[in-house]
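> Line by line, the protein sequences are chains A and B. One point on numbering: in the working numbering, the residue at position 325 of the first sequence is 328, and numbering is uninterrupted. One point on numbering: in the working numbering, the residue at position 122 of the second sequence is 125, and numbering is uninterrupted.
Check each hint, because a few of them may be wrong.
What follows is a list of derived Cβ distance ranges for each label pair [what the hints assert, rightly or not]:
| id | chain 1 | residue 1 | chain 2 | residue 2 | range |
| --- | --- | --- | --- | --- | --- |
| 1 | A | SER342 | B | PHE112 | 47 to 53 Å |
| 2 | A | HIS82 | B | GLU90 | 35 to 41 Å |
| 3 | B | PHE112 | A | HIS369 | 43 to 49 Å |
| 4 | A | GLY317 | B | ASP164 | 50 to 56 Å |
| 5 | B | ASP72 | A | THR40 | 40 to 46 Å |
In silico DSS-like links for lysine-lysine, alpha-carbon gap of 25 Å or less [stated by the list, open to error]:
| id | chain 1 | residue 1 | chain 2 | residue 2 |
| --- | --- | --- | --- | --- |
| 6 | A | LYS287 | B | LYS330 |
| 7 | B | LYS168 | A | LYS173 |
| 8 | B | LYS168 | A | LYS171 |
| 9 | B | LYS173 | A | LYS168 |
| 10 | B | LYS89 | A | LYS383 |
| 11 | A | LYS330 | B | LYS173 |
| 12 | A | LYS323 | A | LYS372 |
| 13 | B | LYS168 | A | LYS168 |
| 14 | B | LYS89 | A | LYS171 |
| 15 | B | LYS383 | A | LYS287 |
Derived by calculation from the structure, the hints in this document are not laboratory data. Note that the Cβ used here is the ideal one computed from N, Cα and C, for glycine as well.
Number of protein chains: 2
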Amino acid sequence: MRVIILGADGYLGWPTVMDFAAKGHEVWAVDNYLRRTIAQQTQSEALIPLPNLQDRAAIFKAEHGKDVDVRVFDLCDYHRLAELVKEVKPDCIVHYAEQPSAPYSMSGFDEARLTLRNNLDVTFNTLWAVREHAPDCHIVKLGTMGEYGVPNIDIEEGWIDIEHKGRKDKFLFPRAAGSLYHTTKVLDTDLIWFYVRTWGLRVTDLMQGPVYGLSTDESDADERLFPNFHYDDIFGTVVNRFMVQAVAGVPLTVFGKGGQTRGYLNLRDTLQCVGLAMENPVEKGELRILNQLTETFSVNDLADRVKRVGDQMGLNVEVKSIDNPRKEREEHYYNPTHSGLMEMGLKPNYLTDEVTASILEVVNRHKDKIDPSKIMPRVKWS
Amino acid sequence: MRVIILGADGYLGWPTVMDFAAKGHEVWAVDNYLRRTIAQQTQSEALIPLPNLQDRAAIFKAEHGKDVDVRVFDLCDYHRLAELVKEVKPDCIVHYAEQPSAPYSMSGFDEARLTLRNNLDVTFNTLWAVREHAPDCHIVKLGTMGEYGVPNIDIEEGWIDIEHKGRKDKFLFPRAAGSLYHTTKVLDTDLIWFYVRTWGLRVTDLMQGPVYGLSTDESDADERLFPNFHYDDIFGTVVNRFMVQAVAGVPLTVFGKGGQTRGYLNLRDTLQCVGLAMENPVEKGELRILNQLTETFSVNDLADRVKRVGDQMGLNVEVKSIDNPRKEREEHYYNPTHSGLMEMGLKPNYLTDEVTASILEVVNRHKDKIDPSKIMPRVKWS
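Build out the structure end to end from the sequences listed, making use of the hints.
In C-alpha cells:
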C-alpha cells in the first residue's frame, strides 16, 4: 500500500514508518519537528539523542534495505499537505501529528493555544486534503483513551446505544477528557465524525492508552533507530518515566493516591494495531473506533511492578506519593472494552516481568544520560 | 451589572446591547464586523442597511438616553480581549461572536477554516481572559439547538443520565450537528465544559433554535436601530427568509420533503432568555445548559403559516419544494425539552398570525430593497 505517515518523527511515528516500510509498503514520512522544538524549549529532551528523519531513513535503508520518502514541513500548511496527497494518492494516511503532551497543554495560554490550533488544524487539513485529492483514502487517526475520561459506566468502543424514555438511538460514547491536549482529541473526533457522515470519508479512530517500551524489530538493529524515549514531566508517560526513575535511584513518583487506572500497551502492539487498522479499511461513510490497549493497571500497580523487577535487578527502587499536579480522580471505576483489535488478530505483548526487565536494561545502558532534574512535575492543572 | 457583549453588531448582539443598556446595565459592545465583511464578499447584505456600531450607539443614546461603550477589534486577538476584561472586570460576558452561517461554513476550504478558527479562538480566548482577569465573571455563551442534531430520543437540556449494564453516570447529551458551523459549537461546548470543570469557571450555554423577527422595544423607536435582517441563502434563517419571499412574490423554498422540525423563538424571547441567564448566574464550576426555544415547527408548518397569513394580506404566496442542498433528515422524530427558561420566568411571544403579519408588514415597507437573486441556495453540502 501507499501510506503517508503524519508525525513521522514521533515516539510512535518513526517505529511505524520502519515497520510499514519493512513490510513492503511505500512510505512517505512527514514531520516538522514540533515535538523536538518544544522539548528543547522546555528542557525535556529525550533520553537518547536521535538523528533527524533523513539521517534515520539513511541508517534504516542501510540496515533494512528499504526506502522511506521523508518530507519536512508543517502540516498546518494546508497547501503543502494537499500537494503531497495529490502527488501520492495514498491508500492510507496515518495521522499521529499532534502536540502530545498533556502538561504542556496546561502550562500557559500560548502553549494551550498552540495545542488547540495545531491539533485541530492538522486534523482539519487532513480531512480536506483527502476529500479533495484522494477521497477513497482510509485515514487512520490516533485518538486517546483519555478522551473518555473515567466514567462510572463501562467504556464501549467509541459508540453507545442509549435507551431513553422508551426510545433508542446510537451515539458517540460520551467524552470528558482530563487535559486540554486530551480535549483536542475529543474535538478531533467530533470534527472527523461530522465530515465522515457528510462527505462519506473512511476513518478509523484509534483510542490508544499510554504506550511503553522502545524495542521493535527494526529499532533493535541500531540504537540510532530507537523511538524517542521521554522520561521528563512534559513528554514522559508513566511507565517509561518509572523505568528511568528506577534506574536513576529517584523514588517513583505516584501522583496522589495512585488509584488512577488506565489501559496500557507495548510499543510493539501499537505497530500491530495501526497495521491491522490499515490492512482492514472501513467502508466509505464509516467512522470505526477501536480501543487500543491490552491491559489495565493502576499507577500503584505499575509502581509495584517496576519496584519488584527493579529490586530483583539490584536497583533498590523506592516509591513515593507526591501531591497530584493534575485535576483527576485518584480512585474510580474503570472498565474499557477492547475486543475489536483482538478480533482483528492482535497478539498482545503484555507488561510481564521479562518485558519490564528488558526496558530497565536498555535504560540502564543509558544511565549516564539521565538528568533527574527533568523528572518532577513542573505544571499544575489549576 | 457590568456586561461585555461579544459580537455586538450581530442580529442578536445589537438588540441585546440596547435591551441591557435600557435596563440600566453598563454595556461594552465588541465586534469587528466579520459578518458584514462576509456578507459583502458573498453578496448577502441584510435587507436594511444599518449604521455602524458607534453611529447606532449615538442614535440609541439620542432616543433612549443610555450610553454604550463600543470597541471595534478582532476577538481572535487574545491580548485585546484580555485587556478589556482586565479594564472592565465584568460581572457577565455574553458571547455571540461566532461566524453564524451554516452554508458559508460549507462553501469551501477557506470558509470552513475561517469558521473553525474564528469560533474556537473566540471561545478559547474568552475562557482564558475570564480565568486570568475576572474569574468570578459569568459567561453566557450562545450555542445552538443544532448541536444535538435530530436524535431518535427526547433531547434533554444539555445533559443526560445514562444507565448502562447496571451502572449509571451523567454526561453531556450526545451531539451530532448538521453543518461545520454547528459542529464548531459542539467543539465550543466540549472546550467550555473542560475548562469549567478544571478551573471552576461559571458558564451558561444557551442552545438556541432559529430566531425570527426584528421588533424590540428599543428598535421600534427608529429603524436605524433595527437588528440586521437577512433573507439571503447565507445568513437568512428560514422564518425571516420565508417572510421576504412572501413579500417578493418568490415561492417559499422548502428544502426536500419539508418535514425538518426545529425549535424556534421570537427575537424578543432571545432578549428575555439571555437576560434571565445573566440575572441568574451559576455557581463556580457549573456549566448550565438551557434549550432556548418556545415552540417547534416543521418547515412545511412554517410555509403553510406564512402562506395563510400572507394570502390574507393579499400577497398570493406560493410554496415550492426544491432539491435539498443540505445533507439532513427530512422526516424525523424531534422532541426537545425546554422547561428551564420557562421555570426561570420566560414569557413566550409565540409565532401567532398577528406576529407573522407584523413581520410581513415591516418587510413590505422595505419591499423595494429585496434582491430576489439572493434567495436561492448556492452552497451544496456535498
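> Does each hint fit the structure? Answer for all of them.
Quick rundown of the hints versus the structure:
no. : hint                            : in the structure
1   : A:SER342 x B:PHE112: 47 to 53 Å : 38 Å, violated
2   : A:HIS82 x B:GLU90: 35 to 41 Å   : 40 Å, holds
3   : B:PHE112 x A:HIS369: 43 to 49 Å : 45 Å, holds
4   : A:GLY317 x B:ASP164: 50 to 56 Å : 53 Å, holds
5   : B:ASP72 x A:THR40: 40 to 46 Å   : 41 Å, holds
6   : A:LYS287 x B:LYS330             : 16 Å, holds
7   : B:LYS168 x A:LYS173             : 15 Å, holds
8   : B:LYS168 x A:LYS171             : 15 Å, holds
9   : B:LYS173 x A:LYS168             : 15 Å, holds
10  : B:LYS89 x A:LYS383              : 23 Å, holds
11  : A:LYS330 x B:LYS173             : 19 Å, holds
12  : A:LYS323 x A:LYS372             : 23 Å, holds
13  : B:LYS168 x A:LYS168             : 17 Å, holds
14  : B:LYS89 x A:LYS171              : 48 Å, violated
15  : B:LYS383 x A:LYS287             : 19 Å, holds
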